[in-house]
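Sequences are here, hints too, so could you generate the full structure?
Here's the letter readout for the chains.
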Amino acid sequence: MMVNNSFRTCPDTGLKFFSSAENLIKANAVAGVVFLLIGGMFGLLVGLTRWQAVHLLGAEDFYMVLTAHGLNVLIFWMIFFEIAILYFCSSVLLGCRLATPRWAWVGFGLMVIGAVMNNVIVLQGNSSVMMTSYVPLEAHPLFYLSLILFAVGALIGSFVFFGTLVVAKAEKTYEGSVPLVTFGAITAAIIAVFTIVSGAIVLIPTLLWSVGLVGEIDVLAYRMIWWAFGHSSQQINVAAHVSVWYAIIAILFGAKPLSEKVSRTAFLMYILFLQLASVHHLLVDPGLSSNFKMFNTSYAMYLAVMASMVHGLTVPGSMEAAQRARGHNAGLFTWLRKAPWGNPAFSGMFISLVGFGFLGGITGVVMGAEQINILIHNTLYVPGHFHATVVLGSTLAFMALAYWLVPVLFRRELIWKGLAKWQPYVFGLGMTGVSLFLMGAGTLGVPRRHWDIGFAGTGGITHEFPAAAYTMLALNGMSVILAVAGGAAFCLIMVGTILFGKKLGNDEPMAEPCIVAPVTDEEYAANGGSAFAIPGTIVLALVFFVSFALYYFINWKYLAETWGIG
Amino acid sequence: MSDQDQGDDGDIPMMQKLLDNPFLLLFIGVASPAVLYLGWGLMEIVTIPAR
Amino acid sequence: MSSLSPPAKKIWWNEPIHKSELLWISLVFVWGMVMTFMMPYWHVVGKQNLGTETYKTTPKAFQATTQEFVDKYTVRTEGPRNYPVVAPPAGGDVYLIARLWEWWPIVELKKGETYRFHLSSLDWQHGFSLQPANINIQVVPNYEHVFTLTPNASGEYSIICNEYCGIGHHLMIGKLLVVD
Numbered sequence: 001m002m003v004n005n006s007f008r009t010c011p012d013t014g015l016k017f018f019s020s021a022e023n024l025i026k027a028n029a030v031a032g033v034v035f036l037l038i039g040g041m042f043g044l045l046v047g048l049t050r051w052q053a054v055h056l057l058g059a060e061d062f063y064m065v066l067t068a069h070g071l072n073v074l075i076f077w078m079i080f081f082e083i084a085i086l087y088f089c090s091s092v093l094l095g096c097r098l099a100t101p102r103w104a105w106v107g108f109g110l111m112v113i114g115a116v117m118n119n120v121i122v123l124q125g126n127s128s129v130m131m132t133s134y135v136p137l138e139a140h141p142l143f144y145l146s147l148i149l150f151a152v153g154a155l156i157g158s159f160v161f162f163g164t165l166v167v168a169k170a171e172k173t174y175e176g177s178v179p180l181v182t183f184g185a186i187t188a189a190i191i192a193v194f195t196i197v198s199g200a201i202v203l204i205p206t207l208l209w210s211v212g213l214v215g216e217i218d219v220l221a222y223r224m225i226w227w228a229f230g231h232s233s234q235q236i237n238v239a240a241h242v243s244v245w246y247a248i249i250a251i252l253f254g255a256k257p258l259s260e261k262v263s264r265t266a267f268l269m270y271i272l273f274l275q276l277a278s279v280h281h282l283l284v285d286p287g288l289s290s291n292f293k294m295f296n297t298s299y300a301m302y303l304a305v306m307a308s309m310v311h312g313l314t315v316p317g318s319m320e321a322a323q324r325a326r327g328h329n330a331g332l333f334t335w336l337r338k339a340p341w342g343n344p345a346f347s348g349m350f351i352s353l354v355g356f357g358f359l360g361g362i363t364g365v366v367m368g369a370e371q372i373n374i375l376i377h378n379t380l381y382v383p384g385h386f387h388a389t390v391v392l393g394s395t396l397a398f399m400a401l402a403y404w405l406v407p408v409l410f411r412r413e414l415i416w417k418g419l420a421k422w423q424p425y426v427f428g429l430g431m432t433g434v435s436l437f438l439m440g441a442g443t444l445g446v447p448r449r450h451w452d453i454g455f456a457g458t459g460g461i462t463h464e465f466p467a468a469a470y471t472m473l474a475l476n477g478m479s480v481i482l483a484v485a486g487g488a489a490f491c492l493i494m495v496g497t498i499l500f501g502k503k504l505g506n507d508e509p510m511a512e513p514c515i516v517a518p519v520t521d522e523e524y525a526a527n528g529g530s531a532f533a534i535p536g537t538i539v540l541a542l543v544f545f546v547s548f549a550l551y552y553f554i555n556w557k558y559l560a561e562t563w564g565i566g
Numbered sequence: 001m002s003d004q005d006q007g008d009d010g011d012i013p014m015m016q017k018l019l020d021n022p023f024l025l026l027f028i029g030v031a032s033p034a035v036l037y038l039g040w041g042l043m044e045i046v047t048i049p050a051r
Numbered sequence: 001m002s003s004l005s006p007p008a009k010k011i012w013w014n015e016p017i018h019k020s021e022l023l024w025i026s027l028v029f030v031w032g033m034v035m036t037f038m039m040p041y042w043h044v045v046g047k048q049n050l051g052t053e054t055y056k057t058t059p060k061a062f063q064a065t066t067q068e069f070v071d072k073y074t075v076r077t078e079g080p081r082n083y084p085v086v087a088p089p090a091g092g093d094v095y096l097i098a099r100l101w102e103w104w105p106i107v108e109l110k111k112g113e114t115y116r117f118h119l120s121s122l123d124w125q126h127g128f129s130l131q132p133a134n135i136n137i138q139v140v141p142n143y144e145h146v147f148t149l150t151p152n153a154s155g156e157y158s159i160i161c162n163e164y165c166g167i168g169h170h171l172m173i174g175k176l177l178v179v180d
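Residue numbers (our numbering), protein chains in the order written: chain X, 1 to 566; chain W, 1 to 51; chain C, 1 to 180.
Calculated from the structure, these hints are not laboratory results. Here a beta-carbon is modelled for each residue, glycine too, at the ideal position from N, C-alpha and C.
Counterexamples of contact, computed for chain W against chain C with all Cβ distances above 10 Å:
{"id": "1", "residue": "21"}
{"id": "2", "residue": "23"}
{"id": "3", "residue": "26"}
{"id": "4", "residue": "30"}
{"id": "5", "residue": "31"}
{"id": "6", "residue": "32"}
{"id": "7", "residue": "35"}
{"id": "8", "residue": "39"}
{"id": "9", "residue": "42"}
{"id": "10", "residue": "43"}
Quick list of in silico lysine-lysine cross-link-like pairs, DSS-like style, CA-CA up to 27 Å:
{"id": "11", "chain 1": "C", "residue 1": "9", "chain 2": "W", "residue 2": "17"}
{"id": "12", "chain 1": "C", "residue 1": "72", "chain 2": "C", "residue 2": "111"}
{"id": "13", "chain 1": "X", "residue 1": "172", "chain 2": "X", "residue 2": "16"}
{"id": "14", "chain 1": "X", "residue 1": "172", "chain 2": "W", "residue 2": "17"}
{"id": "15", "chain 1": "C", "residue 1": "9", "chain 2": "X", "residue 2": "172"}
{"id": "16", "chain 1": "C", "residue 1": "19", "chain 2": "W", "residue 2": "17"}
{"id": "17", "chain 1": "X", "residue 1": "338", "chain 2": "C", "residue 2": "19"}
{"id": "18", "chain 1": "X", "residue 1": "417", "chain 2": "X", "residue 2": "502"}
{"id": "19", "chain 1": "C", "residue 1": "47", "chain 2": "X", "residue 2": "557"}
{"id": "20", "chain 1": "C", "residue 1": "72", "chain 2": "C", "residue 2": "60"}
{"id": "21", "chain 1": "C", "residue 1": "10", "chain 2": "X", "residue 2": "172"}
{"id": "22", "chain 1": "X", "residue 1": "338", "chain 2": "X", "residue 2": "417"}
{"id": "23", "chain 1": "X", "residue 1": "26", "chain 2": "X", "residue 2": "417"}
{"id": "24", "chain 1": "X", "residue 1": "16", "chain 2": "X", "residue 2": "169"}
{"id": "25", "chain 1": "X", "residue 1": "16", "chain 2": "C", "residue 2": "10"}
{"id": "26", "chain 1": "C", "residue 1": "111", "chain 2": "X", "residue 2": "557"}
{"id": "27", "chain 1": "X", "residue 1": "169", "chain 2": "C", "residue 2": "10"}
{"id": "28", "chain 1": "X", "residue 1": "503", "chain 2": "X", "residue 2": "421"}
{"id": "29", "chain 1": "X", "residue 1": "502", "chain 2": "X", "residue 2": "421"}
{"id": "30", "chain 1": "X", "residue 1": "338", "chain 2": "X", "residue 2": "421"}
{"id": "31", "chain 1": "X", "residue 1": "16", "chain 2": "X", "residue 2": "26"}
{"id": "32", "chain 1": "W", "residue 1": "17", "chain 2": "X", "residue 2": "169"}
{"id": "33", "chain 1": "C", "residue 1": "175", "chain 2": "C", "residue 2": "60"}
{"id": "34", "chain 1": "C", "residue 1": "47", "chain 2": "C", "residue 2": "111"}
{"id": "35", "chain 1": "X", "residue 1": "503", "chain 2": "X", "residue 2": "16"}
{"id": "36", "chain 1": "C", "residue 1": "9", "chain 2": "X", "residue 2": "16"}
{"id": "37", "chain 1": "X", "residue 1": "503", "chain 2": "X", "residue 2": "26"}
{"id": "38", "chain 1": "C", "residue 1": "9", "chain 2": "X", "residue 2": "169"}
{"id": "39", "chain 1": "C", "residue 1": "175", "chain 2": "C", "residue 2": "72"}
{"id": "40", "chain 1": "C", "residue 1": "9", "chain 2": "C", "residue 2": "19"}
Encoded structure:
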């Protein structure tokens, strides 16, 4: 791969793009979208099989496809796109060269090899072990090897990011502290390092065990260390998508954070405590004490939850402040009504914010209470929850960013703007349905990763789930179709833009400005001297708080009604 | 000039210095879950008694 | 200066925080403390706190102990697979095996009595999911998990496997009976 060391200044954004960083961002983002498309298609098959009246796949295919679905979207799509975000937030936002582009390409190559190899192995059918590959259930050795290769590639990418921070500092391409968005990316990269190292600690011995070089893997230790990888990888997404939220409100509204101190301290809480939530998967495991479970599941006294709730206020809050400063000052919600709802970068970001908070965030914290977890562990509630966090939250935020980033990077105009305008709504609505209906079925006890809740082949031993459970799974199937249509539209728009979008000349700017000029201190102050008064956001935040508290205590009440457990 | 830089840096509050240091953050970000989650968890698993 | 650029002020740490932000931070901090308090509080007053007593074991040893338990307390056989129905004395120990792809044996409990369950897998990981009570517990091999259950309603319950355990996962279902 050619490593070209020149900069171009983007005529649309004024940002300085270092060419090898730009190429790497393009390559990683495109690879991400490809795996999103593959994983999304597998998701469609899963949804249509869970719909008992359709029951599309046979059992063996279902478990194989479910394994592939999880790995492609939860790991490959996410991490490819996050590496693109890391390079953007370092090299582009700091206006410096990328450290060791050759190593970055090596990392990218390993990730591609790992991801492709993993798909090939899984689709051969003898590694249907789900993403978690819990020992002593055994996959083909190449299954573990492919994940290790992918992880090593991602680790190289993370270190290229840290190296780039060093380059920027040494070459003084910025003054003072890094931008808030870059700070969010640092948070994501730190969590990524912990995640990947944990993955290596657990997967390397498992690979050796699968080829007979290690006698036995302790099941409890495997589960604990695997989740330091499996859950923390989703925390990379959280840090990355919060960072993307801040980026999008800066791009579209020229917003600055209400307080650098508060937002950065909130990210620090992520760095310190977010990863402890890996224990959410072990709350009904034997062998681990309640003290260990309570401390870790609360992210050390809910300080990381507090951080998310702070971001949940400051992101719309800084948007509100910027909008008010620019004249949308009337009433409580004019700032929100006058937002560019037809721009997919905005609508995607805002649906992501609301969906992540209300559906993903609340449910995650509630089911992460040590005792409440007894009601939902391994039921469909769990995938319902994480479709709200990872898909409605992270994926939609990344899509929103892509609507802005891909035209800027490739210097092409977005195609099919009419479809793009609707895409976040279709995808958001579909995914809201998926997560609500899966959670609904989970509340009724429906197990996750289960081919047939009608128990047709058990020779007469059955369990009758309530009819509502079947309805939920049917509604889930329909929502999946909607979401996949939205997801496919996104992939088509992106690929179409890259291939067929109207090419712009070297210095020819886009029709519309790509970054709104930052709101100045004078503009903020002009707002009747009440800069940063955010009454609308406070109202929304209080609605959120009340929903959270109600749902939390309702679940304790449910718990109190079941059997005594000691 | 370098004198002035040092003078300025001296005024920067501790917490801001911490947040401006990605490698210190990397260290605590890996050490915290490594101790509180992995370390503590492994201790409990290896001390499970035999029947 | 937006979030995409370095902060305008070189020292931003000492900038004041707006009161609406402070208000929210105080509220969510207090809420975090409430939630922190709830879990230990439930350990004191709540009746649903899964025990964590655990022993290392082997599939062979656990199977032998369970067999002894079944031999001692079996009252009849039942169902399409002619499984033993085991009725331990009220307040006694219950041994339950999870294996590919069944729960063994069928246990018959008395409503309102507290039993000490011993649960382990003989092969892969499984998920004990008692329906419709909706009690879900991870089951792993090589470890014997001991906890208590106190049924609060009589009837026929299903034990479903909710941890993926290979191609027969969806066939893994067992029964648990509660009598008055």
